[in-house]
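Number of protein chains: 2
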Amino acid sequence: MDRFELISRLKQSSSEKIVLLVLDGLGGLPRNNKTELETARIPNLDKLAETSETGMMVPILHGITPGSGPGHLSLFGYDPLRYIIGRGILSALGVKFPVRQGDLAARVNFATIDEHGNVTDRRAGRIKDETNRKMCELLREIEIDGVQFFIETEKEHRAALIFRGKEFSDQLSETDPQRTGVAPLSVRPLDDREATQATASMLNDFLQKVKEKLKAEHPANMILLRGWALHTAIPTFEEIFGLNACAIAGYPMYRGLASLVGMDVVEVTSGVEPQFEKLAELWGKYDFYFVHVKYTDSAGEDGNFERKVSVIEEVDKNIGKILDLKPDVLAITADHSTPAEYKAHSWHPVPLLLKSRWSRHSHGIRFGETDLSRGTLGIINSLDLMPLVMAHSGRLAKFGA
Amino acid sequence: MDRFELISRLKQSSSEKIVLLVLDGLGGLPRNNKTELETARIPNLDKLAETSETGMMVPILHGITPGSGPGHLSLFGYDPLRYIIGRGILSALGVKFPVRQGDLAARVNFATIDEHGNVTDRRAGRIKDETNRKMCELLREIEIDGVQFFIETEKEHRAALIFRGKEFSDQLSETDPQRTGVAPLSVRPLDDREATQATASMLNDFLQKVKEKLKAEHPANMILLRGWALHTAIPTFEEIFGLNACAIAGYPMYRGLASLVGMDVVEVTSGVEPQFEKLAELWGKYDFYFVHVKYTDSAGEDGNFERKVSVIEEVDKNIGKILDLKPDVLAITADHSTPAEYKAHSWHPVPLLLKSRWSRHSHGIRFGETDLSRGTLGIINSLDLMPLVMAHSGRLAKFGA
Numbered sequence: 010m011d012r013f014e015l016i017s018r019l020k021q022s023s024s025e026k027i028v029l030l031v032l033d034g035l036g037g038l039p040r041n042n043k044t045e046l047e048t049a050r051i052p053n054l055d056k057l058a059e060t061s062e063t064g065m066m067v068p069i070l071h072g073i074t075p076g077s078g079p080g081h082l083s084l085f086g087y088d089p090l091r092y093i094i095g096r097g098i099l100s101a102l103g104v105k106f107p108v109r110q111g112d113l114a115a116r117v118n119f120a121t122i123d124e125h126g127n128v129t130d131r132r133a134g135r136i137k138d139e140t141n142r143k144m145c146e147l148l149r150e151i152e153i154d155g156v157q158f159f160i161e162t163e164k165e166h167r168a169a170l171i172f173r174g175k176e177f178s179d180q181l182s183e184t185d186p187q188r189t190g191v192a193p194l195s196v197r198p199l200d201d202r203e204a205t206q207a208t209a210s211m212l213n214d215f216l217q218k219v220k221e222k223l224k225a226e227h228p229a230n231m232i233l234l235r236g237w238a239l240h241t242a243i244p245t246f247e248e249i250f251g252l253n254a255c256a257i258a259g260y261p262m263y264r265g266l267a268s269l270v271g272m273d274v275v276e277v278t279s280g281v282e283p284q285f286e287k288l289a290e291l292w293g294k295y296d297f298y299f300v301h302v303k304y305t306d307s308a309g310e311d312g313n314f315e316r317k318v319s320v321i322e323e324v325d326k327n328i329g330k331i332l333d334l335k336p337d338v339l340a341i342t343a344d345h346s347t348p349a350e351y352k353a354h355s356w357h358p359v360p361l362l363l364k365s366r367w368s369r370h371s372h373g374i375r376f377g378e379t380d381l382s383r384g385t386l387g388i389i390n391s392l393d394l395m396p397l398v399m400a401h402s403g404r405l406a407k408f409g410a
Numbered sequence: 010m011d012r013f014e015l016i017s018r019l020k021q022s023s024s025e026k027i028v029l030l031v032l033d034g035l036g037g038l039p040r041n042n043k044t045e046l047e048t049a050r051i052p053n054l055d056k057l058a059e060t061s062e063t064g065m066m067v068p069i070l071h072g073i074t075p076g077s078g079p080g081h082l083s084l085f086g087y088d089p090l091r092y093i094i095g096r097g098i099l100s101a102l103g104v105k106f107p108v109r110q111g112d113l114a115a116r117v118n119f120a121t122i123d124e125h126g127n128v129t130d131r132r133a134g135r136i137k138d139e140t141n142r143k144m145c146e147l148l149r150e151i152e153i154d155g156v157q158f159f160i161e162t163e164k165e166h167r168a169a170l171i172f173r174g175k176e177f178s179d180q181l182s183e184t185d186p187q188r189t190g191v192a193p194l195s196v197r198p199l200d201d202r203e204a205t206q207a208t209a210s211m212l213n214d215f216l217q218k219v220k221e222k223l224k225a226e227h228p229a230n231m232i233l234l235r236g237w238a239l240h241t242a243i244p245t246f247e248e249i250f251g252l253n254a255c256a257i258a259g260y261p262m263y264r265g266l267a268s269l270v271g272m273d274v275v276e277v278t279s280g281v282e283p284q285f286e287k288l289a290e291l292w293g294k295y296d297f298y299f300v301h302v303k304y305t306d307s308a309g310e311d312g313n314f315e316r317k318v319s320v321i322e323e324v325d326k327n328i329g330k331i332l333d334l335k336p337d338v339l340a341i342t343a344d345h346s347t348p349a350e351y352k353a354h355s356w357h358p359v360p361l362l363l364k365s366r367w368s369r370h371s372h373g374i375r376f377g378e379t380d381l382s383r384g385t386l387g388i389i390n391s392l393d394l395m396p397l398v399m400a401h402s403g404r405l406a407k408f409g410a
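As given, the protein sequences belong to chains L and F, one line each in that order.
Residues 10 to 410 (my numbering) are what the first sequence spells out, left to right.
Residues 10 to 410 (my numbering) are what the second sequence spells out, left to right.
Keep in mind that a hint or two might mislead.
Since copy identity is lost for identical chains, a pair holds within one copy or between any two.
The calculated DSS-like cross-link candidates involving lysine-lysine, where the alpha carbons are at most 25 Å apart (straight line), are [as the list claims (entries may be wrong)]: (1) Lys352 - Lys407; (2) Lys56 - Lys43; (3) Lys137 - Lys218; (4) Lys222 - Lys294; (5) Lys175 - Lys220; (6) Lys330 - Lys294; (7) Lys137 - Lys330; (8) Lys175 - Lys105; (9) Lys218 - Lys407; (10) Lys335 - Lys43; (11) Lys352 - Lys335; (12) Lys352 - Lys26; (13) Lys137 - Lys294; (14) Lys43 - Lys164; (15) Lys224 - Lys143; (16) Lys56 - Lys105; (17) Lys164 - Lys407; (18) Lys407 - Lys294; (19) Lys352 - Lys20; (20) Lys26 - Lys175; (21) Lys56 - Lys224.
Hints are computed from structural coordinates only; laboratory data are not their basis.
Keep in mind it's a predicted model, so treat the numbers as computed, not measured.
With the sequences and hints as input, model every part of the structure.
Right under this line is the structure:
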């Protein structure tokens, strides 16, 4: 019996409310012997930790650095080694495109090429959204035999591209050469299957038409394609856990991920305060609230230790807005670490605090990486979080007599 | 290679003696910041912990609350997600019925129905064991074509019912309506297989005959059936671990579980002192002694924090009776948590202490949940206990050259 079977057999209903607060990239590395989280003054979180279950979570496997997709899927209880969501699908979901089973998606960068066809700017000077929309309009005039396609503006030079109507493959090479001075690459099939060969050939024809269509434009006179992904439907969060869930997330990727598992994605301004206030506004309407704070990760990616510390302090200062709602279960954690010292996602385990009226207490544990690894839960896998959250909210019946 | 294959390949003989002391439902939740175990004065266990390996164990998976069956199977080294033992089989084992592969078993409640056939008491006024035995005698007069059946008194209104002789299915609905004022339910097949349809139909005929047979009786004039379970033989404890084992347990369920894995089940009066004395009496006759203390769990189920504390203190006071025997390996742990605050089995990890001459020491660790989660073993799965116990008793050879 696998985890999903076990949970769907044991799950039961409850009116208890769950908040999952994800501080993206929260986990850090020490500078002057203390991580970002250990440096931050967070009296409220430290106090909360004392009466909560605490621990650290390994997002995928030890040593594996998760992208945002696998990191969140694991938090949502989906084995990220079983449910592989390609970047292209995430982009499509991010622009609210209603992806269907069998769709093939890719990320688009509008780019500039010179008269020899060589890339001079991989981002077409970060064109305005308005220009992007105009280019998409133009491209929509292209026709492909037996295939429908959709191209949707994301932001600046980025768009999402979706093909529908044939049996596709996503075992394809990308066309972004990753440097300037050379021509965009053609799409190469990465395996021998007929569908792969046919898809590559269809795409190369399509790219030829794109080049023609954009010939007279500037600076966005070509597109580069990355992140090929075929969409396979996955069971929804509600099907698996019986939870009516919403996502309070400002960024397209996380909105896309939440929508992928069937959460309601609400309109909200990105930021700790507006997002926490949106939570209060929606309180009572859902069983499960996924609140995603992006700025811990952005600061980490930028290598800005101090800014990451101050985002964490801002969360601490505002945490009362969540506690005042008296959620039955509150989990505070991350999808992965983004240590400012490392300036990128990393494989290190992430902090976890889990508070309910059934949580054991973590005497003498502060909310920081070193302490948390000695917490009541020790070091678990992120996949364990959803079963724990279900149990703490009274939603899992006893297994066996 | 799975765990059992690995162990049976590496196992070797030894004369060392192992005691597994299970304090049922030992794990707790804090009241005034301390769990039952942390509240109890247990100088002997605390002292023992200092020179033992210590840790916490997750019985099944994080968040999953085990019934007694899966909880014990896991302690005995059997993956409870692979070996599923139904309640009906446990009942049959509890009355010492020699269950065979292919038998179908259910739990029986004698009940009272009125002249319209509606249930007025789901427990028939908790009839005396004597009355129960008389009713069973009566029911044994029923005949079913091609099928043998056995009904055995358990206690008060409870009995065990076993069918033998055809290919049965246990994918069946229960007949207990779980409330009064309505008729007992009929048995519905829960899948489309022929065996399931045939079993349901045989059982409904049987229930019709039961109703006829008990028509003139009162208050036990009907039976309600729950916990359908088909018995699949599982490898014995001795086959897997090469251990000649006995169970010193007073309660039917645990005696049944021990017997299921092939342990000798000895006669004993329930209680810390008599059970520990029985251990001393049997000392030397077996390799492995499973001693099961029930009252920690009962106190937890009753929500009686103080009584649970005092059972734990009673164990501490008597632990010398075990230590005096100088077992080569002593493991003290639980099958699951039953926090008095929760009044039921829970999913929380359980305490573990493992003492042998090869155990590492747990400096500064007291025998309580918060401390133990920082012990030398950290937080492991209950399935890891048997391999550890085997290793500590010199029974596992090196793996590979």
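Hint by hint, here is what the structure shows:
1. Only between protomers do Lys352 and Lys407 lie at most 25 Å apart by alpha-carbon distance; the minimum there is 13 Å, versus 44 Å within a single protomer.
2. Taking the shortest Cα distances, Lys56 and Lys43 sit within 25 Å of each other both inside one copy (19 Å) and across copies (17 Å).
3. In this assembly of identical chains, the alpha carbons of Lys137 and Lys218 lie at most 25 Å apart only when taken from the same copy (23 Å versus 82 Å across copies).
4. Taking the shortest alpha-carbon separations for Lys222 and Lys294, neither the intra-copy value of 48 Å nor the inter-copy value of 54 Å comes in at or below 25 Å.
5. Proximity of Lys175 and Lys220 under a CA criterion of 25 Å is satisfied intra-copy only: 23 Å inside one chain copy versus 62 Å between copies.
6. Within a single copy, Lys330 and Lys294 get their C-alpha atoms as close as 17 Å, which meets the 25 Å cut-off; across copies the closest is 58 Å, which misses it.
7. In this assembly of identical chains, the alpha carbons of Lys137 and Lys330 never lie at most 25 Å apart, being 36 Å within a copy and 58 Å across copies at closest.
8. In this assembly of identical chains, the alpha carbons of Lys175 and Lys105 lie at most 25 Å apart only when taken from the same copy (22 Å versus 56 Å across copies).
9. Neither within a single protomer nor between protomers do Lys218 and Lys407 lie at most 25 Å apart by alpha-carbon distance, with minima of 60 Å and 34 Å respectively.
10. Taking the shortest Cα distances, Lys335 and Lys43 sit within 25 Å of each other only across copies (23 Å), while inside one copy they are farther apart (31 Å).
11. Taking the shortest Cα distances, Lys352 and Lys335 sit within 25 Å of each other only across copies (23 Å), while inside one copy they are farther apart (36 Å).
12. Taking the shortest alpha-carbon separations for Lys352 and Lys26, only the inter-copy value of 22 Å comes in at or below 25 Å, while the best intra-copy value is 35 Å.
13. For the homomeric pair Lys137 and Lys294, neither the shortest alpha-carbon distance inside one copy (37 Å) nor that between copies (51 Å) is at most 25 Å.
14. In this assembly of identical chains, Lys43 and Lys164 lie within 25 Å of each other by CA distance neither inside one copy nor across copies; the values are 37 Å within and 53 Å between.
15. Within a single copy, Lys224 and Lys143 get their C-alpha atoms as close as 14 Å, which meets the 25 Å cut-off; across copies the closest is 84 Å, which misses it.
16. For the identical chains of this complex, Lys56 and Lys105 are neighbours neither inside a copy (39 Å) nor across copies (53 Å), given an alpha-carbon limit of 25 Å.
17. In this homomeric assembly, Lys164 and Lys407 come within 25 Å of each other (Cα to Cα) only across copies, at 24 Å, whereas the closest approach inside a single copy is 48 Å.
18. In the homo-oligomer, the alpha carbons of Lys407 and Lys294 never lie at most 25 Å apart, since the shortest distance is 28 Å inside one protomer and 37 Å across protomers.
19. Proximity of Lys352 and Lys20 under a CA criterion of 25 Å is satisfied inter-copy only: 19 Å between copies versus 40 Å inside one chain copy.
20. For a Cα distance limit of 25 Å, the shortest separation of Lys26 from Lys175 qualifies neither inside one copy, at 43 Å, nor across copies, at 48 Å.
21. Neither within a single protomer nor between protomers do Lys56 and Lys224 lie at most 25 Å apart by alpha-carbon distance, with minima of 62 Å and 65 Å respectively.
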